[in-house]
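A.B. asks: One letter stands for each residue in the lines below.
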Amino acid sequence: MTCRLAEQVQVRKESWGLLFYNQPRHKVCFVRSGDWLYPRHFDGTWTLPAIAADIAGRTGTPAEIIERSLPKLTDHLTGKGVICHEVR
Amino acid sequence: MKYAEWPLSAPVNITWEITHRCNLKCVHCLSASSVASPGELDYDACRAVADELAALKVFEINFGGGEPLLCDYFLPLLRYIHGKGIVTCVSTNGTALTDEAVALFTGNPLVNVQVSLDGATPEVNDSIRGAGSFHRIVRGIERLAGRDIPLSINTVVTSVNFRQLDELKRLAKTYGANLRVSRFRPSGRARQSWERLRLSAAQLRELADWLGDDPSILTGDSFFAISADGRRQLGLDMCGACKMTACIDPVGDVYPCAFLQAGEFRGGSLRETTFKAIWDSSAVFKAFRGLAPAACRTCPRFEKCRGGCPAVAYFVSHDLNSADPECRLNWSRDASSAGSPHRAG
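In order, the protein sequence lines correspond to chains A and B.
Under this note's numbering, the letters of the first sequence match residues -10 to 77, in that order.
Under this note's numbering, the letters of the second sequence match residues 343 to 687, in that order.
Calculated from the structure, these hints are not laboratory results.
Hints may contain errors.
What the hints assert, rightly or not - Here are some, though not all, of the chain A residues that point toward chain B, as calculated from beta-carbon distances under 10 Å:
hint : residue
1    : -1
2    : 0
3    : 1
4    : 2
5    : 4
6    : 5
7    : 6
8    : 10
9    : 12
10   : 17
11   : 21
12   : 23
13   : 32
14   : 35
15   : 38
16   : 62
Backbone N, C-alpha and C define an ideal beta-carbon position, used for all residues, glycine too.
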């Protein structure tokens, strides 16, 4: 299962995390994800384990912390309607 | 810290006044538009600006002026910007629509159109936007209505159209449009009409109540300062100038917002430097991000509104340390001293 930006949503990286923009609602969503997530993670090719491995490789964060926190973060983004999960 | 205070690498949206040329001469025009200014950016320069805004991932550009549809290269520029995936809002007086413009707007997911109308009757609208403008504007709205175009009618609320807000809401609904209301602010030509057209404390109270009763009414920025708390949560709840937004004028000068286009607030020129350099390093922009008007710092609502609209405060008092004179606390006090039974929430 991969992550993809929801329809008509854009995202950009900021120093504190990700800024999502919901075009139909003209609303932005601030997500304090620090250096964990990048817009590329939502291009539809990244699975959660692949994102976790990428975070661990770049930040040195222990795997158990990422495995515990990342699903909560992506669930939050799904709940906000800015990303969706795709079964490939 | 409010979300709007989180540092951004670029604005969420830009107001881009593409020309000062206008076929109307509205008494409240924030940029005092009538004829094109010498040195307005040409098509190539505008495309270069668009390239930079796209690279910075600015999400929205709100085009105004002047009348943007009177700019010769406006529609090609709009197509160019859409090619980069940037969402646009075109603020027009509705009198200069062409078949080409209507076709470009129709079914276009990257376009929103906002037509300015300042009264539900010719008498009221034309007293602000000029003789004969009501019927011309309505004809424009009729050309846009019923198509696949996100359409809103924008009204700057003044003492002369205040009693027509319900009628304007009905009129907008007739055309399948939303009604959006904007605050009247003493910028541009409105400095001369401020005392005559501004709302009284009692009218501000009524307006806040009216807005509170209908969440479907869209509001421009800076309503957070005058509205009840529930209403404030529908949009930006503090001034977004230099934090989430900025304004580019027709000659490429960059300002904190469209209502602060005065020399003392000029952040820089796109003829001399990049937008990113202005956004990151301009002394004016840095100062605005830390703006905390002295008159407001001890106010119990300061954490909620951060001092209201700096443009109103500045152009009324010539002092950025002054409070927005129309903020909820100010008008509540004024209304109370006039014997009002209502209290601010």
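A.B. asks: For each hint, tell me whether it holds in the structure or not.
C.D. replies: We went through each hint and held it up to the structure:
no.: 1; hint: -1; in the structure: holds, 6 Å
no.: 2; hint: 0; in the structure: holds, 8 Å
no.: 3; hint: 1; in the structure: holds, 4 Å
no.: 4; hint: 2; in the structure: holds, 8 Å
no.: 5; hint: 4; in the structure: holds, 6 Å
no.: 6; hint: 5; in the structure: holds, 6 Å
no.: 7; hint: 6; in the structure: holds, 9 Å
no.: 8; hint: 10; in the structure: holds, 4 Å
no.: 9; hint: 12; in the structure: holds, 5 Å
no.: 10; hint: 17; in the structure: holds, 5 Å
no.: 11; hint: 21; in the structure: holds, 8 Å
no.: 12; hint: 23; in the structure: violated, 12 Å
no.: 13; hint: 32; in the structure: violated, 14 Å
no.: 14; hint: 35; in the structure: violated, 19 Å
no.: 15; hint: 38; in the structure: violated, 28 Å
no.: 16; hint: 62; in the structure: violated, 17 Å
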